[in-house]
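Number of protein chains: 2
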Amino acid sequence: MPENDTMQNFLTELRRGSLTLAVLGSLREPRYGYALLQILQEQQIDIEANTLYPLLRRLESQELLTSDWDTSESRPRKYYTVSAKGKEVLRQLLTEWGNMQRSIEAICGKGEDNGK
Amino acid sequence: MPENDTMQNFLTELRRGSLTLAVLGSLREPRYGYALLQILQEQQIDIEANTLYPLLRRLESQELLTSDWDTSESRPRKYYTVSAKGKEVLRQLLTEWGNMQRSIEAICGKGEDNGK
Numbered sequence: 001m002p003e004n005d006t007m008q009n010f011l012t013e014l015r016r017g018s019l020t021l022a023v024l025g026s027l028r029e030p031r032y033g034y035a036l037l038q039i040l041q042e043q044q045i046d047i048e049a050n051t052l053y054p055l056l057r058r059l060e061s062q063e064l065l066t067s068d069w070d071t072s073e074s075r076p077r078k079y080y081t082v083s084a085k086g087k088e089v090l091r092q093l094l095t096e097w098g099n100m101q102r103s104i105e106a107i108c109g110k111g112e113d114n115g116k
Numbered sequence: 001m002p003e004n005d006t007m008q009n010f011l012t013e014l015r016r017g018s019l020t021l022a023v024l025g026s027l028r029e030p031r032y033g034y035a036l037l038q039i040l041q042e043q044q045i046d047i048e049a050n051t052l053y054p055l056l057r058r059l060e061s062q063e064l065l066t067s068d069w070d071t072s073e074s075r076p077r078k079y080y081t082v083s084a085k086g087k088e089v090l091r092q093l094l095t096e097w098g099n100m101q102r103s104i105e106a107i108c109g110k111g112e113d114n115g116k
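Residue numbers (my numbering), protein chains in the order written: chain A, 1 to 116; chain B, 1 to 116.
For the record, the hints were derived by calculation from the structure and aren't laboratory data.
A portion of the hints provided could be inaccurate.
[Stated by the list, open to error] If you only want the chain B side, here are some residues facing chain A, beta carbon under 10 Å, derived: (1) ARG15; (2) LEU21; (3) ALA35; (4) ILE39; (5) GLU42; (6) ILE45; (7) GLU73; (8) SER74; (9) GLU88; (10) MET100; (11) SER103; (12) ILE104.
[As the list claims (entries may be wrong)] Derived list of chain A stretches under chain B, where covered just means 3 residues or more per stretch with a C-beta under 8 Å from a C-beta of chain B: (13) 7-18; (14) 72-79.
[As the list claims (entries may be wrong)] Covered stretches of chain A (in silico footprint by chain B; criterion: 3 or more residues with CB under 8 Å from a CB of chain B, positions within the stretch not fixed): (15) 21-33; (16) 49-61.
Where a beta carbon is used, it is the ideal one built from N, C-alpha and C, also for glycine.
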């Protein structure tokens with residue numbers, strides 16, 4: 001069995017790129033941080049608030065997300081939405097994702113003979 | 001349109017994790033570097049020798065690959081094969097890959113409404 005650290009590093013590397021895809025995809029409608037966190041977790045995406053919130057700020061500073069405060073409730077919430085630029089990035093990442101899926105399936109099979 | 005650099009960084013991040021998967025999957029049978037490079041390129045995996053060869057050495061030092069020199073030809077070739085430990089990593093990465101695929105599809109759709 002590989003040491004847990006080695007394994008964890010490979011898994012982290014594998015997840016990192018797809019996380020941006022999941023976040024941009026989820027924010028095609030406006031959502032505040034905590035609601036987004038719940039959606040990702042419901043979809044078995046293993047992410048915590050202290051990873052997601054910095055990522056949201058980074059994507060906003062890269063102009064892939066826009067944000068708006070909703071102050072109509074007693075607790076103000078910051079809603080994020082994917083920008084036009086973010087949609088273009090999302091589109092290209094989804095294309096690449098599809099290509100990678102085809103490549104991996106061609107190389108590794110569809111899962112029946114995994115790891116043999 | 002996003003600047004090319006931003007886009008390129010996202011694509012690189014997305015590809016990086018899946019590359020290990022593709023390399024381990026391809027080396028379930030022994031192959032030498034150049035033959036592996038051709039297989040990956042045939043599967044539209046965009047990788048160059050100066051990325052692949054250091055990756056092979058890294059995976060070998062992590063004991064996920066073993067190597068053997070074939071000196072029977074005029075030009076000796078180093079053949080790489082996935083080790084038992086490498087197979088276990090491959091198995092776990094493929095499981096994670098399948099999970100990520102389901103999550104991304106649930107969030108982004110199967111491609112019909114990409115980027116909308």
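Taking the hints in turn, this is what the structure says about them:
1. ARG15: holds, 7 Å
2. LEU21: holds, 6 Å
3. ALA35: violated, 13 Å
4. ILE39: holds, 8 Å
5. GLU42: holds, 9 Å
6. ILE45: holds, 5 Å
7. GLU73: violated, 26 Å
8. SER74: violated, 30 Å
9. GLU88: Holds - the Cβ of GLU88/B comes within 10 Å of chain A, reaching about 6 Å at its closest.
10. MET100: At 5 Å from the nearest chain A Cβ, MET100/B passes the 10 Å test, so the hint holds.
11. SER103: Cβ of SER103/B sits 4 Å from chain A, so the hint holds.
12. ILE104: Holds: closest Cβ of chain A sits about 6 Å from ILE104/B, inside 10 Å.
13. 7-18: Since 9 is at least three, the answer is holds.
14. 72-79: It is violated: at least three residues are needed, and the stretch 72-79 of chain A offers just 0 whose Cβ sits closer than 8 Å to chain B.
15. 21-33: holds (count 5)
16. 49-61: As far as the stretch 49-61 of chain A goes, the hint is violated, because 0 residues have Cβ atoms under 8 Å from chain B.
Comparing the model with each earlier hint shows violations of hints 3, 7, 8, 14, 16; every other hint is respected.
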